[in-house]
Amino acid sequence: MSITDIQLEENLAHHDDHHDDHHEQSFISKYIFSTDHKMIAKQFLITGIMWAVIGGGLSIIFRLQLGFPGADLSWLKPILGEWIDAEGSIDPEFYLALVTMHGTIMVFFVLTAGLSGTFSNFLIPLQIGARDMASGFMNMLSYWMFFLSSAIMFISLFLETGPAAGGWTVYPPLSILSDAIQGSGGGMTLWLVSMVFFIASTLLGGINYIATVINMRTKGMSFSRLPLTVWAFFITAVIGLLSFPVLVAAALLLVFDRSFGTSFYLSEIFIGGEALPNIGGSPILYQHLFWFLGHPEVYIVILPALGITSEIIATNSRKPIFGYRAMIGSMLAIAFLSFIVWAHHMFVSGLNPFLGSIFMFLTLIIAVPSAVKAFNYITTLWRGNIVFTPAMLFSIGLVSFFISGGLTGIFLGNSALDINLHDTYFVVAHFHLVMGSASFFGLMAGVYHWFPKMFGRMMDKTMGYIHFWLTFVGVYLVFFPLHYIGIAGFPRRYYAFTNFDAFSTFGDLNTFVSIAAIVTFAAQFLFLFNFFNSIFRGRKAPENPWNSNTLEWTTPRNPGHGNWPGPIPTVYRWAYDYSKPGSDSDFIPQHIPLSQTPESNFPHEEELAKSEVISEDNGAHESH
Amino acid sequence: MIKDVQMNEPITGQVRAMNPKKFAMWLIIVSIVMLFISLSSAYIVQQSDVNWPTIEFPRMFVYSSVVIVLSSVTMHWAYIAAKRNNIKENRVALVLTTILAAGFIWAQYTAWDILTNVQDVNFRGGHAAESFIYVLTGLHIFHLLTGVTFLLIMLVASFQYKVHSRSMVKMEMCTTYWHFLGGLWLYLFLFLELNN
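Chains Y and F supply the protein sequences, listed in that same order.
Per the numbering used here, the first sequence starts with residue 1, numbered consecutively.
Per the numbering used here, the second sequence starts with residue 625, numbered consecutively.
It is possible that part of the hints are untrue.
Which chain Y residues stay away from chain F? Per the calculated CB distances, all over 10 Å, these [stated by the list, open to error]:
#	residue
1	Ile84
2	Ser135
3	Leu190
4	Gly206
5	Ile207
6	Ser243
7	Leu253
8	Phe264
9	Pro277
10	Ser282
11	Phe292
12	Val348
13	Ala367
14	Ile403
15	Pro542
16	Pro603
Covered stretches of chain F, as calculated for chain Y (at least 3 residues, CB under 8 Å) [to be verified]:
#	stretch
17	663-677
18	684-692
19	799-811
Reference excerpt, derived from the structure (chain Y facing chain F, CB under 10 Å, subset only) [what the hints assert, rightly or not]:
#	residue
20	Leu252
21	Leu266
22	Ile284
23	Ser504
If you are wondering where the hints come from, they were derived from the structure by calculation, not from laboratory data.
None of the values given here were measured: they were computed from a predicted structure.
Beta carbons: idealized from backbone N, C-alpha and C, even for Gly.
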């Protein structure tokens with residue numbers, strides 16, 4: 001196995017002594033089959049960015065169809081080929097495939113792998129003070145499983161029968177019977193194969209994150225001193241570990257039904273008047289299994305973004321995070337509740353109304369910890385010395401989306417209102433704000449904030465500001481009108497509404513949304529330019545550009561394999577000693593002993609300082 | 625979990641509760657448990673929903689249960705032998721465990737054979753109740769095969785003198801996993817019997 005693995009089993013002190021004389025790595029072991037968590041994080045990030053471009057591009061294509069129905073799209077022929085018919089309109093079945101792939105790509109490949117994969121990998125070892133993950137080899141395997149899964153999903157886009165088209169939830173019987181829709185043929189098979197590798201990747205990654213956080217924290221890094229980012233990644237990994245196996249079960253039975261003639265999800269199906277032989281199954285079973293993953297999955301997507309936001313908002317408000325324990329408590333509460341609310345996705349599936357009211361009750365409880373988090377963000381900002389870095393703006397943007405999108409969740413969680421609102425654009429607007437845009441802003445905030453540590457250079461600020469404002473305003477212009485469209489009764493996933501007179505008054509609004517979407521999407525290319533340009537040509541970054549407290553900023557500009565050239569710093573305080581009364585500096589990093597800051601210690605800290613054991617080798621890289 | 629007590633503790637030593645790899649093994653077990661919990665609950669939900677035929681299980685499942693319990697015993701013997709640096713005994717016990725594992729797989733295969741050819745309980749084309757038996761037992765065999773692979777790795781390591789009291793991490797992981805797989809089978813067997 002990898003060097004790190006072997007070293008782990010040895011005495012750590014021994015490892016420390018011999019750290020500097022590591023050998024030069026070859027190109028392949030450094031950049032491709034790397035076991036270094038920082039390189040794996042960058043691999044996840046760049047793959048995630050590529051997927052975001054593809055996923056976003058698909059949405060622009062179907063927004064063209066929705067905003068300009070009947071327009072001549074034959075100029076898209078070079079990309080879409082036969083999917084554009086002779087009159088220049090998109091094939092209706094391909095429209096469904098576009099929607100399906102947009103959802104799958106964004107939820108799984110961008111916001112799960114791209115977000116957790118990048119920041120859990122990058123930040124966990126750096127912030128808890130570890131040389132690498134518990135198993136570098138498993139970590140590498142996790143990325144390459146994701147790569148394989150990505151490759152298979154990518155190939156499925158080019159099948160003659162098209163990629164999967166039954167919605168990102170791939171409900172049976174539609175996804176089982178290829179007589180029903182072309183996309184349920186080869187495209188669906190590749191979707192399932194791809195998801196198998198994706199789940200394997202997520203589990204391998206998650207097991208590593210949990211094992212690392214629990215077992216490899218540096219001296220003094222107790223759970224009550226962990227930065228909220230690490231708490232968020234840790235809880236996310238636990239949710240993933242418990243929920244993804246359930247998706248395995250759902251997908252496995254789906255595979256058997258599709259390819260082996262079983263009938264777990266099929267019963268009494270007639271095609272062209274002919275009965276299928278399948279008996280004893282139920283498509284509702286799939287929905288239960290799927291949403292048992294599916295609902296925790298939305299928290300897998302949002303929690304890392306919330307963790308990143310906590311860190312960035314505290315740093316850039318120059319204030320301790322408000323309610324550190326309440327933040328942890330609310331994340332734990334959200335994680336727990338996420339497992340017992342899945343049936344709110346199934347209110348209109350024939351669910352017993354009594355059961356519906358129980359799930360409604362449990363769902364609405366989630367508003368409490370969510371509100372606690374939103375409140376704590378705002379109170380952290382309140383009267384802070386706010387530094388508006390691009391990362392900070394994106395974090396504040398996240399809070400805005402989390403609130404405005406979260407509010408509509410209360411409508412949708414209501415089983416009576418849901419009869420009216422389910423499967424409309426209201427739902428689309430809700431989850432694109434609270435889960436899609438909020439997580440995406442968390443991802444962006446993280447990239448802007450940790451870019452200096454990732455690549456040793458700064459990103460361009462001005463471009464960051466323009467990117468933020470175009471995206472922030474754009475997102476609201478896209479998704480706010482969708483609420484109205486949803487309340488008006490527009491069902492999601494429909495190819496066109498031109499045949500219904502009742503909807504014709506909303507034609508302009510749809511055109512407006514499409515134009516806003518195109519502008520917002522175009523603005524992302526500014527980010528892409530800034531990102532890739534700054535990797536090579538950005539201004540060289542200082543070691544701690546944001547005057548932040550966490551341990552990653554004590555590493556050199558380009559942390560090498562093993563993260564700290566000397567011994568790992570010891571931790572003496574929590575991560576949020578910003579603007580501490582009495583202190584000259586407005587931040588005191590975690591590795592500064594309490595005994596060195598008598599002027600700012602609280603009485604109980606003064607007591608602690610007396611019993612503090614200062615390890616000789618501390619002060620790996622003073623950045624203070 | 626987060627108590628003030630922890631904050632006020634004097635800072636001593638690296639926080640390392642457990643070997644990270646052993647810990648990861650437990651996490652893998654958790655994910656497998658979740659997989660089988662979801663399938664069991666799917667079974668129960670489905671059973672309450674539709675007409676559910678009762679299926680007579682072949683006696684072979686009882687024999688295979690005995691075999692897998694025996695293999696757990698020999699596995700534990702191998703573990704204790706390794707801990708006591710008794711390398712020869714360790715090898716014998718590991719070989720016995722592998723043989724018993726093969727016996728279990730053979731027994732399961734025979735049971736399937738009886739189910740399909742004698743009792744006309746089919747994986748394909750039959751009622752979901754019939755398919756479920758194959759999915760549950762088949763998934764168990766799949767995981768058991770990963771266990772056998774681990775067992776073979778340990779066997780090779782043992783013949784290379786790499787398993788002894790000062791190098792027990794992998795041996796402990798293998799033992800844990802094997803006991804888990806045995807327990808999982810007993811659970812599945814009971815589950816299927818009781819829900820019939």
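How the hints compare with the structure:
1. Ile84: holds, 40 Å
2. Ser135: Violated, since 7 Å does not exceed 10 Å.
3. Leu190: holds, 22 Å
4. Gly206: violated, 8 Å
5. Ile207: The claim breaks: Ile207 of chain Y does not keep its Cβ more than 10 Å from every Cβ of chain F (closest is about 4 Å).
6. Ser243: violated, 8 Å
7. Leu253: At roughly 7 Å from the nearest Cβ of chain F, Leu253 of chain Y sits no farther out than 10 Å, so the non-interface label is violated.
8. Phe264: violated, 5 Å
9. Pro277: violated, 6 Å
10. Ser282: violated, 5 Å
11. Phe292: Phe292 of chain Y not clear of chain F: closest Cβ-Cβ about 7 Å, inside 10 Å.
12. Val348: holds, 18 Å
13. Ala367: holds, 23 Å
14. Ile403: holds, 26 Å
15. Pro542: holds, 29 Å
16. Pro603: holds, 12 Å
17. 663-677: holds (count 8)
18. 684-692: The restraint on the stretch 684-692 of chain F is violated, since only 0 of its residues have a Cβ under 8 Å from chain Y and three are required.
19. 799-811: violated (count 0)
20. Leu252: Holds: closest Cβ of chain F sits about 7 Å from Leu252 of chain Y, inside 10 Å.
21. Leu266: holds, 9 Å
22. Ile284: It holds, given that the least Cβ distance between Ile284 of chain Y and chain F is near 8 Å, below 10 Å.
23. Ser504: Interface hint status for Ser504 of chain Y: violated (43 Å vs cutoff 10 Å).
The structure is inconsistent with the numbered hints 2, 4, 5, 6, 7, 8, 9, 10, 11, 18, 19 and 23, although it conforms to all the rest.
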